[in-house]
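> The primary structure of each chain is shown beneath.
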Amino acid sequence: AQSVTQLGSHVSVSEGALVLLRCNYSSSVPPYLFWYVQYPNQGLQLLLKYTSAATLVKGINGFEAEFKKSETSFHLTKPSAHLSDAAEYFCAVRGDTSGTYKYIFGTGTRLKVLA
Amino acid sequence: ETGVTQSPTHLIKTRGQQVTLRCSSQSGHNTVSWYQQALGQGPQFIFQYYREEENGRGNFPPRFSGLQFPNYSSELNVNALELDDSALYLCASSSGQDNEQFFGPGTRLTVL
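Protein chains in written order, with our numbering: chain A, 1 to 115; chain B, 1001 to 1112.
No lab work stands behind these hints, which were simulated from the structure alone.
Do not rely on the hints blindly, as some may be mistaken.
To be verified - Pairs of lysine to any residue residues, derived as SDA-like cross-links and limited to a Cα-Cα distance of at most 25 Å, are as follows: (1) A:Lys49 with B:His1010; (2) A:Lys49 with B:Gly1096; (3) A:Lys49 with B:Phe1102; (4) A:Lys49 with B:Lys1013; (5) A:Lys49 with B:Val1111; (6) A:Lys49 with A:Pro30; (7) A:Lys49 with B:Phe1069; (8) A:Lys112 with A:Val19; (9) A:Lys49 with B:Gln1026; (10) A:Lys49 with B:Ala1080; (11) A:Lys69 with A:Leu114.
Claimed, not checked - Far from chain B by the CB rule (all over 10 Å, computed), these chain A residues: (12) Gly16; (13) Arg22; (14) Gln42; (15) Leu44; (16) Gly59; (17) Asp96; (18) Thr97; (19) Ser98; (20) Tyr103; (21) Thr107; (22) Gly108; (23) Lys112; (24) Val113; (25) Leu114; (26) Ala115.
Unchecked claim - Listed below are several chain A residues computed to face chain B (Cβ distance under 7 Å; list not exhaustive): (27) Tyr39; (28) Gly43; (29) Phe90; (30) Tyr101; (31) Lys102; (32) Gly106; (33) Thr109.
Glycine included, each C-beta is placed from N, C-alpha and C at the ideal position.
For reference, chain A alone in the conformation it holds in the complex:
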């Protein structure tokens, strides 16, 4: 069975500082991994996805994530935080149960950006 764990339910950074949101996965097969952002009272917006191609994945809004098999990690980074990055971030892995492909989400990390 697949699962993801997001370390840190709340992360605060100063504007302009590095953003690092942590995600570790568990999967018995090569995983498909995703990062989503959710702004207050909105749905999910895909930031980036890993589908077994390049291990360094670039997404929207300057975010990127690196797939590290040896560490079973898929951490999300952004070199310089902007006030508009304040939101909830979810890591997800695609799970496969008897032919049903579903997304399994972590519990989320709320990012706060300080001016």
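Take the given structure of chain A and dock chain B to it, following the hints.
For chain B alone, kept in the frame of chain A given last:
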């Protein structure tokens, strides 16, 4: 290309009532998945429909049911509403069971 749409945006119900939420899948998509996102939690998989048949279910009771129509739009029905059913309900469509899922904006359900 129109993305995934959901209706209504918000609704308020009382305990014991029944509710129907609707989802229009993206053009060309034949698979719809439903997720429940309780406050402060990540989305949880409810079930999936593929070509009008249920194709997998998460850990939700039978009072959560669904339908998929020939145009691949879908409904989520919840009977005998409970307070804990208050959540954001997300619909996602894909062009096949194992292809990327595209999420709609969600329906926020409040049960009083």
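> Check each numbered hint from earlier against the structure, then list the numbers of those it violates in ascending order.
1, 4, 5, 7, 10, 11, 14, 15, 17, 18, 19, 20, 21, 22, 27, 33
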